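Participant: Make the full structure from the sequences, and use the hints.
Chains as they are written, first to last, in the working numbering: chain A, 1263 to 1503; chain B, 1263 to 1503.
You may find that some hints are simply not true.
Because identical chains cannot be distinguished in the list, a pair is counted as satisfied if it fits within a single copy or across any two copies.
[Stated by the list, open to error] Listed next, the in silico SDA-like pairs over lysine to any residue satisfying Cα-Cα at most 20 Å (straight line):
#, residue 1, residue 2
1, Lys1314, His1424
2, Lys1314, Leu1382
3, Lys1405, Met1308
4, Lys1314, Tyr1409
5, Lys1405, Leu1382
6, Lys1314, Ala1428
7, Lys1314, Arg1421
8, Lys1405, Glu1309
9, Lys1314, Arg1429
10, Lys1405, Arg1457
11, Lys1405, Arg1306
12, Lys1314, Arg1354
13, Lys1405, His1369
If you are wondering where the hints come from, they were derived from the structure by calculation, not from laboratory data. Nothing here was measured: the structure is a model prediction, and the numbers come from that model.
2 protein chains.
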Amino acid sequence: MRYELYYWPSSQGRGEYVRLALEEAGAEYVDVARRRGGEDRMIRLMEGRAIKTPPFAPPYLRAGNLWIAQTANILLYLGGRHGLAPRDEGGRLWAHQLQLAIADLVHELHNTHHPISVNLNHVDQIPESRRFAADFTRHRIPKFLGYFERALQSNRAGRGEHLIGARTSYPDLSLFQTVAALRFGFPNAMRRIERECPRVAALHDRVAGRPRISAYLESERRLPFIADAGVFRHYGYLDAK
Amino acid sequence: MRYELYYWPSSQGRGEYVRLALEEAGAEYVDVARRRGGEDRMIRLMEGRAIKTPPFAPPYLRAGNLWIAQTANILLYLGGRHGLAPRDEGGRLWAHQLQLAIADLVHELHNTHHPISVNLNHVDQIPESRRFAADFTRHRIPKFLGYFERALQSNRAGRGEHLIGARTSYPDLSLFQTVAALRFGFPNAMRRIERECPRVAALHDRVAGRPRISAYLESERRLPFIADAGVFRHYGYLDAK
Chain A
1263 MRYELYYWPS SQGRGEYVRL ALEEAGAEYV DVARRRGGED RMIRLMEGRA IKTPPFAPPY
1323 LRAGNLWIAQ TANILLYLGG RHGLAPRDEG GRLWAHQLQL AIADLVHELH NTHHPISVNL
1383 NHVDQIPESR RFAADFTRHR IPKFLGYFER ALQSNRAGRG EHLIGARTSY PDLSLFQTVA
1443 ALRFGFPNAM RRIERECPRV AALHDRVAGR PRISAYLESE RRLPFIADAG VFRHYGYLDA
1503 K
Chain B
1263 MRYELYYWPS SQGRGEYVRL ALEEAGAEYV DVARRRGGED RMIRLMEGRA IKTPPFAPPY
1323 LRAGNLWIAQ TANILLYLGG RHGLAPRDEG GRLWAHQLQL AIADLVHELH NTHHPISVNL
1383 NHVDQIPESR RFAADFTRHR IPKFLGYFER ALQSNRAGRG EHLIGARTSY PDLSLFQTVA
1443 ALRFGFPNAM RRIERECPRV AALHDRVAGR PRISAYLESE RRLPFIADAG VFRHYGYLDA
1503 K
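Facilitator: So this is what it looks like as structure tokens:
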């Protein structure tokens, strides 16, 4: 089956979590909105009545007759189909629990530059962004990454290398992406924070070196981080000193 | 099996989504933190090493040997076990997709009173709350509830009465709770908005009248809404005029 991924074409954003799972799985997929006319098609489909399970927002995935939206939900599906999550119920729920914690972190990461509204530009909410980001870098990143550090540490089977069991699962890929985005957005803060969570930092580097992921990262399929667009941004004045 | 629910004892909050599913299912459960010493136990368990799949935050649920956290993840589990979600893969994913959209709405609802940080009191972020809430009531509630209205409308089998198929599923219960919370928090805004989404409003009232739910709502197990505490608050100055 050839999947169709629908996500905004100009930045990594939440679509990147889906791309990483598809790439690690070696799955065949089309990144629809990056093709000519694809973005219009994505919007038309989302607003129309053809999809019986319509998305609230991208990303969404077509998998045969299924149309699946919400990043974590797409990963729940792909994880089960492509061996990127444990097969047993407890393991599957644990993977999803970790993914939903990552989703919460990404929500806050997004709010560092849009704390007031997605309907305003970042420049119209800079004072609030400064306040939000100060707390985010000081308290929230350490709290979230500390949580994942403990998960890595307590997973004996993974020897500190995997969040779950002895294999790569979709939360590993998602944590890689999130650390990459945090390093891009908040390099000063992250230099300090990563000292306290060496396993999280090492997981990032190890996932980046996996054969399919490293080939993907080198390819044109991987969009670059963009300082002033999308979910994962960088404004120097929001970073720690 | 007797479930153990762990959530902050003094307000409905996100724990309420789990309670509603347990109540509709007629499941036996203990609301641990509302018992003597239970809140300490909840915090100790969360911070300790006894749970191999530790929660990032409440709510979390013990189901035999499983410890499950993240509201939507708990409902994914309970929905499957208690007939509160379709059995087929597409239906299960659709239910979860709707639940995750509700989770996004609840995240924003929370941010109306805490737009800058959970580490500050509401009174220390009032100007930002006013700005956030103005956009939330004007644009975001209508966008989210409009989405659920269309889902109700396009579900022929549910005759506008159910989000999915012809039966009550956990997203119905969660939408009920969210509408109740929005009515409590933003009565003026909701009076206007509900005119545009009559099916959502009717679903709220119908869920409230289901035998087990209505018995629950009358019982002492249902905590009241509290204006100045928890996720679901009411500050008159944040509501529409």
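Participant: State for each hint whether it applies.
Facilitator: Against the structure, the hints:
1. In this assembly of identical chains, the alpha carbons of Lys1314 and His1424 lie at most 20 Å apart only when taken from different copies (14 Å versus 37 Å within one copy).
2. For the homomeric pair Lys1314 and Leu1382, neither the shortest alpha-carbon distance inside one copy (31 Å) nor that between copies (42 Å) is at most 20 Å.
3. In this assembly of identical chains, Lys1405 and Met1308 lie within 20 Å of each other by CA distance solely across copies; the values are 14 Å between and 35 Å within a copy.
4. Taking identical chains as interchangeable, the C-alpha atoms of Lys1314 and Tyr1409 lie at most 20 Å apart only when they sit on different chains, with a minimum of 13 Å there against 37 Å within one chain.
5. For the identical chains of this complex, Lys1405 and Leu1382 are inter-copy neighbours only, at 16 Å across copies versus 28 Å inside a copy, given an alpha-carbon limit of 20 Å.
6. Taking the closest pair of Cα atoms, Lys1314 and Ala1428 come within 20 Å of each other only across two copies (15 Å); inside a single copy the shortest separation is 38 Å, beyond that limit.
7. With identical chains, the CA atoms of Lys1314 and Arg1421 are at most 20 Å apart between copies only, with a shortest distance of 15 Å across copies and 44 Å within one.
8. For a Cα distance limit of 20 Å, the shortest separation of Lys1405 from Glu1309 across copies, 12 Å, qualifies, whereas the shortest one inside one copy, 38 Å, does not.
9. For a Cα distance limit of 20 Å, the shortest separation of Lys1314 from Arg1429 across copies, 17 Å, qualifies, whereas the shortest one inside one copy, 35 Å, does not.
10. When the C-alpha separation of Lys1405 and Arg1457 is checked against a cutoff of 20 Å, the pair qualifies only within one copy, where the shortest distance is 14 Å, while the shortest distance between copies is 42 Å.
11. Only between protomers do Lys1405 and Arg1306 lie at most 20 Å apart by alpha-carbon distance; the minimum there is 17 Å, versus 40 Å within a single protomer.
12. With identical chains, the CA atoms of Lys1314 and Arg1354 are at most 20 Å apart between copies only, with a shortest distance of 14 Å across copies and 26 Å within one.
13. When the C-alpha separation of Lys1405 and His1369 is checked against a cutoff of 20 Å, the pair qualifies both within a copy, at 15 Å, and between copies, at 18 Å.
The structure fails to meet hint 2 from the earlier list, while all remaining hints are met.
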